[in-house]
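All chains, full assembly: derive it from the sequences and hints.
As you go down the protein sequences, you meet chains A, B and C in turn. Note that our numbering has the first sequence beginning at 22, numbered continuously upward. Note that our numbering has the second sequence beginning at 34, numbered continuously upward. Note that our numbering has the third sequence beginning at 21, numbered continuously upward.
The hints are simulated quantities; they were obtained by calculation from the structure and are not laboratory data. Fair warning: this is a prediction, and the values are worked out from it, not measured in the lab. Heads up, a few of these hints could be off.
To be verified - Which chain B residues face chain C? A few, computed with CB under 10 Å, are given here:
| no. | residue |
| --- | --- |
| 1 | I66 |
| 2 | G81 |
| 3 | A88 |
| 4 | V100 |
| 5 | L215 |
| 6 | M225 |
| 7 | L230 |
| 8 | Y232 |
| 9 | L236 |
Note that beta-carbon positions come from the ideal geometry of N, C-alpha and C, so glycine has one too.
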Amino acid sequence: MHDVPVHHHAPPTSFLRKHVFSLDHKVIGKQYYGLALIAVFVGMILSWLMRIHLGWTNLAIPGLQLLSKSGAPGGIITPEYYLQLMTMHATIMVFFVLTTAPFAAFGNYFLPIQVGAEDMPFPHFNMMSFWVTFIGFVVLMSSFFVGDGPTLGGWTQYAPLSAVGAVSGPGQGTGVVLWATAIAIFCIGQLLGSLNFITTTLDMRTRGMSMWRLPFSAWAWFITSIMGLTAFAVLMPACILLILDHVAGTSFFVPGNLVINGQIQPHSGGSTLLWQHLFWFFGHPEVYIAIVPGMGIVSHVLTPNLRRPLLSHRVMVYSMGALAVLSYMVYGHHMFVSGMNPVSSLVFSFPTLVITIPSTIVVLIWMGSLYGAKLRINSPSLFALGFISMFITGGISGFFLAQPSIDIMLHATYFVVGHFHLVMGVAAMFGIFAGTYFWFPKMFGRMMNETLGKIHFWLSFVGAYCIFMPFHYLGIAGNVRRYPAFTDDYLQPLIPLHRFITVAAVLTGIAQFIFLYNLVHSRFWGKPAPENPWEATSLEWSTPSSPPPFDNFGGKLPTVYHDPHQYGVEGASADYVMQTSPEQIKSGHDEA
Amino acid sequence: MSHADLTLEGYSAAIMPPAFSIPAKKMAMWLFIIADSATFAACLVAYGYLRVADAHWPRPFHSITNVAIMTVILVTSSLTMLFGIDAAKAGDKAKAVRWTMITAAGGILFALLHIREWLGLIDEGMRLFQNPWGSALFGASFFSITGLHLLHVTGGVIALIVVGIRYKGGRYNSDDLEITGLYWHFVDLVWMFVVPLVYLLNLSH
Amino acid sequence: MATAEAHRSSTGKYIVVYVCILAIAALQFVIAYSNLDGSQMLARMLVLATIEAALAVLFFMHLWMENRGLLWFVVILTGFVIFAMQYSWTDSFRLLNGVPWAK
Ligand code: HEM
Ligand SMILES: [Cu+2]
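Below is the structure:
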């Protein structure tokens, strides 16, 4: 059989269609990546400001008064402004980095190539998906400059304080409305994206590419997009109801007779828990939306470096699927201490403990596959190992939090902050890094600098543990999260630890500029990449050039003959067999 | 030509048959419907949540005539949509366009009756933030749920007219009409839940 | 729709479904005037609405005629997500009754 020619359409020539409103999934993927890159540095600088404030509360940060006169008079951050910075940090990171980079950016770029398609089925939706997300980001950032600044309610925006307006603090009026608008817009963008991802996977696979022949990363994006489809569809109306509480005088999330700052609120009949139910119904699937693509990327990156398949392709995919299903049944574990009915705590605790099973299986597959393997050590594989390490460390604290009786003590302390920064924040970031080092040669035709990559890894790895491990001790010592300063007696002894964390955070942050330098430098002056630098089998390494041509496979579609994990194949001409290679293999690993 | 436009036969030559033997466009509409169901379900659950928690939830509706007429119109418009699609599949273009426009007219009639009802309620003093009968959340949830539905009806009418005209002009084919029909039936389906939950349970006795 | 006959029979089917849906809706209107208490009435309304919706999905939206895989995909995914959403009720009842169920 020969590769089938496809109807050829000419690449766009105008600047706007080529670079701005491009319909090409590869350009859109890069746009998403660029957005995430801007967002992650903004978010990181915000975290520096927070950390400096926590370590040295009365330190003036020169120039900060330019950003907000009232929030940082003379450069000293007020408690309220601390919370505003924190909220923006979290919102930017969760939505515009951890959702966009591993899912929207890499997914857009590589999902169509990995299934062997020339593009997604709905390029216009795809373009809208990015630009809508971008508008969401602009709306969110605009809240820095409007009225008394961004909202201080945290990325969870708990009612009633998020719903009563300016009386509950600076930024709680316009700030919340802008926040909710930005997130509702973001939801639309991700819904459009999910629609494209699912149809791409279901309907665009090239000849021979059965579902079980999809690589892990494609499976992960597929599963994630199904979660995205239903989770964002619930967050969007929740945000709209929140906006109505502000602009239309409704009281969906505000009960009656509420006194805030000495003023009785003109609301009645609403329920604060309703917001939490709606938010976490989205919120827990969202944390898996952030991590499952990372799992896929890590598996995809590890396999070629192991030179043998993972223990099981199918069990890995089933586990990711089980995570997706269970993620809809556990959201109440964020509400153990909310005043939710105590029986519910029990009901949610059980599936929460059950969800550790697929998580553990995923980890065991990686560990078992690593056992005895001659792993090729390079930047992508190091970051993949880092991901696994962070996921395990952060996951273990999940076991404790999952039990209501223990969570009563740990809830809303730094223990939780340590948990989710390791398991979601750093792990997903490492997934993004692994993906970047791995796919950069394909995206730009040049290699990234290995030495810099390894330095970047070790600094980030050690740094992340220095920052986030002590969080657990702080939490156990009773340090409540979202405190802008530690004035209470029992917190005084913890200040040195906070200062240590601050120093670690600033240094680890600076190390990220090595990555930025590597990225920019390699983009223009990096070593030209060989055709298949990692000797990997999946379809992105079968395109005629790096970066791939406009239609990905150069006027034809490939035909697929094998699983994506034909490594260490006995009797084959090389130790691996490309998915597109018609070579017959005697003792392959084909499960499909 | 992109993959989305490939017919089922076109698929098999170059790529795997689509997972559920339907073209990507139709799959996308089903996915949209799944997401939109979640959106409406979240709104209805929120409404129910607030209603259940309130011992003095108002039940102000006196007459079911209007909502009954609206229901008949909307369900009938689903039927006329089907006639249009069937005609399109049978190749009778003129008939298909006619039925599609009748469907759109049904949607417009529905929207007009709905707006008239809204105006009546607003006249009686019902607002998003208050009403003369009891819990202020009654108005809030009524207007937001029916408003969201009305928004869908409006979008649907516009889609029907646009797709109908383009189908007539030859830019769209009977599949596109069918996919628009899927959306229209879904709007009807949501109404089947809105009527009992938002209207009938709030009927005064 | 190759033949006129197949066409006519599907028209017939649509009309039957249409009448069924309207009949169920009418039944809902009748129940609305009965003196059932809240939860009883809600249960009946929901069951009837679900039947109506199922008729619409299966026959108006042709899900019955599509690939069975699509039927399961749509029904299981939507059903599961909507089902998972129902947990919030317990807190709503508790606000009113002090216990997480209807009284
Ligand atoms: C091993 C499985 C896991 C278990 C048992 C678990 C359990 C929990 C529990 C019970 C909480 C609530 C703690 C509290 O607020 O008191 C929590 C918080 C959190 N978890 Fe996990 N978790 C697990 C894995 C994950 C994963 C994989 C992610 C993300 C990728 C994640 C992200 C988060 C986040 C973001 C929060 C805090 C949200 C907030 O309050 O701002 N968790 N986890
Ligand atoms: Cu969770």
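Do the hints match the structure? See the list:
{"no.": "1", "hint": "I66", "verdict": "holds (8 Å)"}
{"no.": "2", "hint": "G81", "verdict": "holds (7 Å)"}
{"no.": "3", "hint": "A88", "verdict": "holds (6 Å)"}
{"no.": "4", "hint": "V100", "verdict": "holds (9 Å)"}
{"no.": "5", "hint": "L215", "verdict": "holds (5 Å)"}
{"no.": "6", "hint": "M225", "verdict": "holds (5 Å)"}
{"no.": "7", "hint": "L230", "verdict": "holds (7 Å)"}
{"no.": "8", "hint": "Y232", "verdict": "holds (8 Å)"}
{"no.": "9", "hint": "L236", "verdict": "holds (5 Å)"}
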